[in-house]
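Chemist: Chains as they are written, first to last, in my numbering: chain A, 1 to 94; chain B, 1001 to 1094; chain C, 2001 to 2116; chain D, 3001 to 3116; chain E, 4001 to 4138; chain F, 5001 to 5138.
Rather than coming from a laboratory, the hints here were simulated on the basis of the structure. Treat the hints with care, since some could be wrong.
[Claimed, not checked] As a list, the in silico DSSO-like pairs of lysine-lysine whose alpha-carbon atoms are at most 27 Å apart: (1) K5100/F with K90/A; (2) K3058/D with K4031/E; (3) K2062/C with K2048/C; (4) K4100/E with K1090/B.
Keep in mind the model is a prediction, meaning the values are calculated, not measured.
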Amino acid sequence: MTEIDTLHILNKAPEHPRSAECLRAIEPGDVLLLIESAVLTLATCSDLQAGITIYALAPDVLARGIAHSTAEASLVDFAAMVELTVQAQKVISW
Amino acid sequence: MTEIDTLHILNKAPEHPRSAECLRAIEPGDVLLLIESAVLTLATCSDLQAGITIYALAPDVLARGIAHSTAEASLVDFAAMVELTVQAQKVISW
Amino acid sequence: MGTLMVIDQPPYGTWAGREALDMAFSLAAFDQPVALLFTGAGVNWLRKSQETTGIGQKSVEKNLSAALIFGVEALYADATACARYGLVPDNMVTGVAMAENSAEVIRQHSHIAFAG
Amino acid sequence: MGTLMVIDQPPYGTWAGREALDMAFSLAAFDQPVALLFTGAGVNWLRKSQETTGIGQKSVEKNLSAALIFGVEALYADATACARYGLVPDNMVTGVAMAENSAEVIRQHSHIAFAG
Amino acid sequence: MATISLQNYTLVITGAPYSSQAPQTALSFAKAAIAAGHTVDRVFLYGEGVHLASSLSAPPSDEHHWADQWSRFLSDNAISGVACIASALRRGLVNDSEQKRYELPANNIREPFIIAGLGEWVEGSMTSSRVLYFHGGD
Amino acid sequence: MATISLQNYTLVITGAPYSSQAPQTALSFAKAAIAAGHTVDRVFLYGEGVHLASSLSAPPSDEHHWADQWSRFLSDNAISGVACIASALRRGLVNDSEQKRYELPANNIREPFIIAGLGEWVEGSMTSSRVLYFHGGD
C-alpha cells in the first residue's frame, strides 16, 4: 500500500446525513473504508463517485449478503484495516 | 378540536430519513405534531407542505430559540398534546 | 387492522430492527394480528445469504423466513427502497410482498410501532 | 493543526453534541489547540435565546458564548447549514466564523473527532 | 367543552435518558394525562429505554434526575413500570432474581420498576385505549 | 514489504454494545493491531460507550458477551480501559468509590475497566500516534 493522505472510515448507512458529508469531503489522495452499515453503500450503485479508492470490511459485507455487489471496492480484513490506519497521515471516523 | 384521523408525532430532525417518510405519509384529515428535534423543521422554511394542520410542542420550540419561526404551526403545551391523542383515531410516533 | 411493525434501520449496525422483530414475534405468539413493513435501509434485513459469523452476531435470516409460519400475517417491503438497494425477489427471503406505496400499508393498520 | 470537534447533531434531542462540547473544553483546559465545527442540524446549537427550562435541560448557550474565552480557538459554522436553518450573525451567539467550505476546515486540522 | 372522553394509556419508552429526550417528554406527557383525568395503565421500557430503570444513575446535582423523577411519579400514581427482560439483561439491568440466576455481582433496578417479558407490552396493546411510543431522536 | 512502522493507538468507543456494532468492530481491530505488533495504549469509553464496562450485562448464552470479551482482552494484554466519569455517572455506571460518594445501592464496573476523567482522552490525543473512534451507527 502506498501512503494515504486521509483515511475516511465510514460506518453509517447511505440514508444517514453523515454519509453524504463524508463522500463530499473525500479528496484525491484520500481513501474511503466502508465498515458496518456503510457497506450497504455498495449495494446502492449510485452513491459513490468514480475515481476514489474504496475498501470495504469483508466481515461486514458478508453479514449483509452483498458480496456480489462490491465491484467498486476491494474487500479487506481487520489486519488490512490496521495497515490502512498505519499508512494514513490522518484518520477520520465518520 | 375536531376529530382527527391520524395524529403523526414526529421527533426527528429534518435530516433524519424518518422525517421525510413522515411528511410523505400525511393525508388530508391528519394532523402533524412536531416535538423534540422535529421542531427544527419549522426553522427550515421549505420542508413543510402547505395545507396540513401542524402543531409544535412549545417547550421544545422555546428550547431551540425558534419561537419567531413558527408561523406554520400552532404552539401547544403537554395538556393540548394529550388532548390531541384523545381526539385522534390513530397515533403514529415516527 | 392489527399492528404494523415498521423497520427502517439497517441490519446489524443497530439493534433496533432486531428488537422490533422480537416484538412482532411476541404479538404473533399471543395470537394478535401483526405484520412487518421494511423500508429505507431496513429492506436489507430481507436479503438472502447473510453470513454473520465474522461480526459475531446471529443472522436473522432464518427468523424472517419463518415469520409467516409463526403467525406474522405479512412481510411488506417498500418497493422504492428495494429498487435503491438492488433487491429483487430472487435475492430476498421468500414470502415478501412488495409495497408500491408504504403509506397505504400504514393506513391499513390500526396500530403502528417503529423499531426504536 | 490541532483537534477539530465536529457537531452535526441537533441540540437537546440527543446528548452527543453536549458531550462533544465537554471534550473540546477539556482539551482547552489542558492548553491543547482545539476548534469546533457545527454543521447539519448541529448549527442549531449556535442560536441565541435558547430557553430550556420547559424541557428540564441546561442551556449550552452560555458555554458556547464563553468558548473562545476558555481557550477554544474557533467556532466554525457551515454556511450552507446556517442558510438552511435561517441562521445569520444577528440570531447567533457571538464569535462564530462562517465556513463556506467545511471540508476545507476539516483538512486544516490534524485530528478530527465527531460528536458520537 | 366537548364531551369528555377518558383514555387509558400504555406508554412505551425506547430512548435512554442522557442520550435522548424520550424519558423527559414521556414524563411531561404522563403528568398532563393524569392531570386531565386519564389513566396511565403501564409504562413499558424497551431497547435503550431500559436504562431509565437504573438505580445507579447519578447525574450532576444541577441536572434533572430522570430515573428518580420517573420512579417517584410511578409510585405516587400507583402505575406499573416494566423494563423488558430481554432488553434489560443484555444492557446490564438486572433485578435480585436475575442477579442470582446469572450469578452477577449486584442488581440495579430502581423501585418500583420491575423486569418482565414482552407479554406486558402485548397486554398493553390489547387492553389500553391508546399506546404511545417515545423514541430516541437519532 | 516496506519498512514496518509500529504505531501506538488510543481507541475511543462511543457506541454501546447491543445498540451498535462499535464495541465488536473495535475489539476485532484491537486484536488485529496487537497481532501486527502495534500497541494499544488505552481504550476510552465515552457517551453511550460506557455501557461496555458494565459488570451486569447478561446476554443470551448463544450471543457474544462483548463486555466479558473486552475485559478479558484488556487483562490479557495489560491495556488500560477507561470509562469517562461524566458519561458513566449519568448512565448508571459506578465504581466502589462513586457508590460511596453518591450513596448508591451497588457498583457495576467490570474489571479491569476504571472510571476517570476526560484527561485520559486528552493524554491519549497527545501521546498516542493514532487515535481512532468507534461510533454508533445511528
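Chemist: Are there hints from earlier that the structure breaks, and if so, what are their numbers?
Modeler: 1 and 4
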